[in-house]
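Peer 1: Chain by chain, the residues run as shown.
2 protein chains.
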Amino acid sequence: MDVFEQSEYERRIERTKERMLERELDALVITDPSNMNYLAGYDGWSFYVPQAVIVTHERDEPVWVGRGMDANGARATTWLAEENIHSYSDDHVHSPYDLHPMDYVAGLLDDLDAGDGTIGVEMDAYYFTAKSYQRLREKLPEASFEDTTLLVNWIRIYKSEQELEYMRQAARIAENAMQAGLDAVGEGVPEYEVAETIYSALIDGTDDYGGDYPSIVPLLPSGDHTGTPHLTWTDRRFEDGDPVIIELSGCRHRYHSPLARTTFVGDPPEKLTNTAEVVIEGIEAALDAAEPGVTCEEVEQAWREVIQSYGIEKEDRIGYSMGLGYPPDWGEHTASLRPGDDTVLEEDMTFHMIPGIWQDDVGVEISETFHVTATGAETLAEFPRELFST
Amino acid sequence: MDVFEQSEYERRIERTKERMLERELDALVITDPSNMNYLAGYDGWSFYVPQAVIVTHERDEPVWVGRGMDANGARATTWLAEENIHSYSDDHVHSPYDLHPMDYVAGLLDDLDAGDGTIGVEMDAYYFTAKSYQRLREKLPEASFEDTTLLVNWIRIYKSEQELEYMRQAARIAENAMQAGLDAVGEGVPEYEVAETIYSALIDGTDDYGGDYPSIVPLLPSGDHTGTPHLTWTDRRFEDGDPVIIELSGCRHRYHSPLARTTFVGDPPEKLTNTAEVVIEGIEAALDAAEPGVTCEEVEQAWREVIQSYGIEKEDRIGYSMGLGYPPDWGEHTASLRPGDDTVLEEDMTFHMIPGIWQDDVGVEISETFHVTATGAETLAEFPRELFST
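Line by line, the protein sequences are chains A and B.
Mapping the first sequence onto the UniProt record's numbering, position 289 (from 1) lands on 289, and the numbers just tick up by one.
Mapping the second sequence onto the UniProt record's numbering, position 373 (from 1) lands on 373, and the numbers just tick up by one.
Worth flagging that the hints you see were computed from the coordinates, not collected in a lab.
Among these hints, one or two may not hold up.
Copies of the same chain look alike in the list, so a pair counts if it works inside one copy or between any two.
Claimed, not checked - Listed next, the in silico DMTMM-like pairs over lysine to aspartate or glutamate satisfying Cα-Cα at most 20 Å (straight line): (1) LYS17 to GLU58; (2) LYS314 to GLU284; (3) LYS314 to ASP91; (4) LYS314 to GLU277; (5) LYS139 to ASP103; (6) LYS271 to GLU146; (7) LYS314 to ASP90; (8) LYS271 to ASP224; (9) LYS17 to GLU175; (10) LYS139 to ASP235; (11) LYS271 to GLU386; (12) LYS17 to GLU239; (13) LYS139 to GLU315; (14) LYS17 to GLU270; (15) LYS139 to ASP91; (16) LYS139 to ASP316; (17) LYS17 to ASP235; (18) LYS314 to ASP116; (19) LYS139 to ASP267.
For clarity, every value in this text was computed on a predicted model and none was experimentally measured.
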């Protein structure tokens, strides 16, 4: 089975070309692996070497370019004709010969009659290094370059029915993995054992399908470390009195549905229970506020008004648009739920809302992935919104 | 327990400063997460936002700079004094305000009296985007920039006793995971189930310690897909007659020990058995050739002479230096075992040697991670070198 119908890829290309026209671009060089997947269907762990998908107005299909040994992977996963799959030889990889993969890409842009045109590049995308840009410029002195970092990401913000279906499948996986993780946490249990249990559930998936690898590993900051959200598991054993935040995501065909919950080893102190109640009231107010026509900052405001009513002052980003992703991130880097972001919510956008409150370095985080429907917001996972304990 | 003694970090900084002197650099801006870990000890899944470790001659310690919410993670994992931990506010992240994290880094370089000096940047390192470089240049018009992409990587090529110890621990994990993976492959078993079994073993580790997440997910190309080495697992079920290549790595404190083996669902055809024998003879010849004083290309040549004696012509990179790593790669991008690489092997270098032979699109890959000792090469894992079958 193909992951999407060809017509869906064609619509994506059409929208991309419309934006290229607005920006007066002759060619678009897409290097973000998520955007490469979105336009061409390409899916492989090969983003550790330079690769790209190139869109030009003259061609109906984009062109995939990557390492020679990955061309078969492009044939297997993209919807592209053989003539649109190009690859460089292995002496371009970590080359001692002053060869760089972007030298080949520059030659290809020339062949596509775009070498002296206006070329869009994703200046701030993962894996588009400073060197990649420098080599493209050196090899194409007649070209002019435009920064098109989020051009495709803004198209991705609207999800199709098939994309939503994969995100719902990812939500089923996330529910299973969260339950398994909460069940595994306990006094004396090493962090890695909980991480193993979660990973296992993430890949085992459901009775009907397996799970893909998530773009971010499961995070489970605990104890003093709930204030260090991005440290990964260690050999440390959970102790009585540890708060533990579990943040994970199910993944299906690279589409994510992240979920976070907080648990406590032992009997949670009243302060933590109270904090959790504020977080729950806040996230529910923000979910209630989310609907087409409302801005991202208004959603954050609904959260903030709740916590302010309890005397808590903080202005944070509490969420972001997301969906398709590769390591190191599942976020789309476009709209954020935070003060100053006046992006208007529209039907079929999807966000991960992850607010939290830390007091005396001990925090509670509870998150939901939601889909903006015609009339409101629907969470993808169904999982109890409460402070758990072991 | 700290991952390394402070004296080990100090030696790393000393060697880095020596190379900075040779290159006449006033400051070095390290953005590769592996190099940040190597110099400062920093370990967190935060490389999806810009961050850096800065080395200057005047300071004994490097300076860590990252996102505000990750400063606690830097306090928890680095050996640095509080004054050397700096962080930017969250409005720099995917900013709608035309703020970029590198604006803050530029200001910090100014504060460190390096804003008008010669600054080394890792032009081709993961996560150092074209935009990051552009912003640094714009904000520091008086500075001159030098490309120092592999400066720290070439220091990392020599492993200390403690680093080797972590790689040996990773090898124990790799052995367990490989055995579990080989046992799990079978007719009708879905690929994701084998991936789950392997991941589980990688994180469960051994009786004495858990495993860290590997920088590359386990890969298990099978059937026709043994020719697409970087596709990840799917819902597909293994069929009788499938060759399956398993490539994985144990990981301990971010140090890797990769291992690859090939198995077959059912009775392997004679052609595959014969191919496996050539691969085994070839890798053993190359391991025998590896010792201090020999060049990388001579090691590859030992492999090539064996396969040529069976009438197989191919000139490939069959290995690379490796150790410490973060997604998307565990390779160090310095020395490669391939024609044209005249790097001389020295004691305490470590390589992953991963040769393979494909015939009619069906391949055999068998790999070993080895340590260059005073007199030869020692594989880190002890795992039978043969073609497996279910």
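Peer 1: If the cut is 20 Å between Cα atoms, do LYS139 and ASP316 qualify within a copy, between copies, both or neither?
Peer 2: neither (43 Å within a copy, 27 Å between copies)
Peer 1: For LYS17 vs GLU270, is the C-alpha pair at or below 20 Å within one copy, between two copies, both, or neither?
Peer 2: Answer is neither: 56 Å inside a copy and 52 Å across each miss the 20 Å cutoff.
Peer 1: Please work out whether the CA atoms of LYS271 and GLU386 approach to 20 Å or closer within one copy, between two copies, in both situations, or in neither?
Peer 2: Only inside one copy: LYS271 and GLU386 sit 14 Å apart there, 59 Å across copies, limit 20 Å.
Peer 1: How do LYS17 and GLU175 come out at 20 Å by Cα distance, when the copy is not named: within, between, both, or neither?
Peer 2: neither (38 Å within a copy, 50 Å between copies)
Peer 1: Tell me, please, which holds for LYS139 and ASP267 at an alpha-carbon limit of 20 Å: within, between, both or neither?
Peer 2: neither (64 Å within a copy, 52 Å between copies)
Peer 1: For LYS314 vs ASP90, is the C-alpha pair at or below 20 Å within one copy, between two copies, both, or neither?
Peer 2: between (51 Å within a copy, 12 Å between copies)
Peer 1: If the cutoff is 20 Å on CA atoms, where do LYS139 and GLU315 land: within, between, both or neither? Let me know, please.
Peer 2: So LYS139 and GLU315 fail the 20 Å test inside a copy (46 Å) and across (28 Å) alike.
Peer 1: For the identical chains here, do LYS17 and GLU239 meet the 20 Å Cα criterion within one copy, between copies, both, or neither?
Peer 2: The answer is neither: 56 Å in one copy and 42 Å across copies each exceed 20 Å.
Peer 1: First find the shortest C-alpha distance between LYS271 and GLU146 inside one copy, then the shortest across copies, and answer within, between, both or neither for a cut-off of 20 Å.
Peer 2: neither (52 Å within a copy, 53 Å between copies)
Peer 1: Between LYS139 and ASP103, at a C-alpha cutoff of 20 Å, which is it: within one copy, between copies, both, or neither?
Peer 2: Answer is within; shortest intra-copy Cα gap is 7 Å, inter-copy 29 Å.
Peer 1: One pair to classify: LYS314 and GLU277, alpha carbons no more than 20 Å apart. Within, between, both, or neither?
Peer 2: within (17 Å within a copy, 65 Å between copies)
Peer 1: Within a copy, between copies, both or neither: which one fits LYS314 and GLU284 at a CA-CA cutoff of 20 Å?
Peer 2: Within one copy, since 17 Å is at most 20 Å while 62 Å is not.
Figure legend: structure checked against the earlier numbered hints; hints not met, in rising order: 6, 9, 10, 12, 13, 14, 16, 17, 18, 19.
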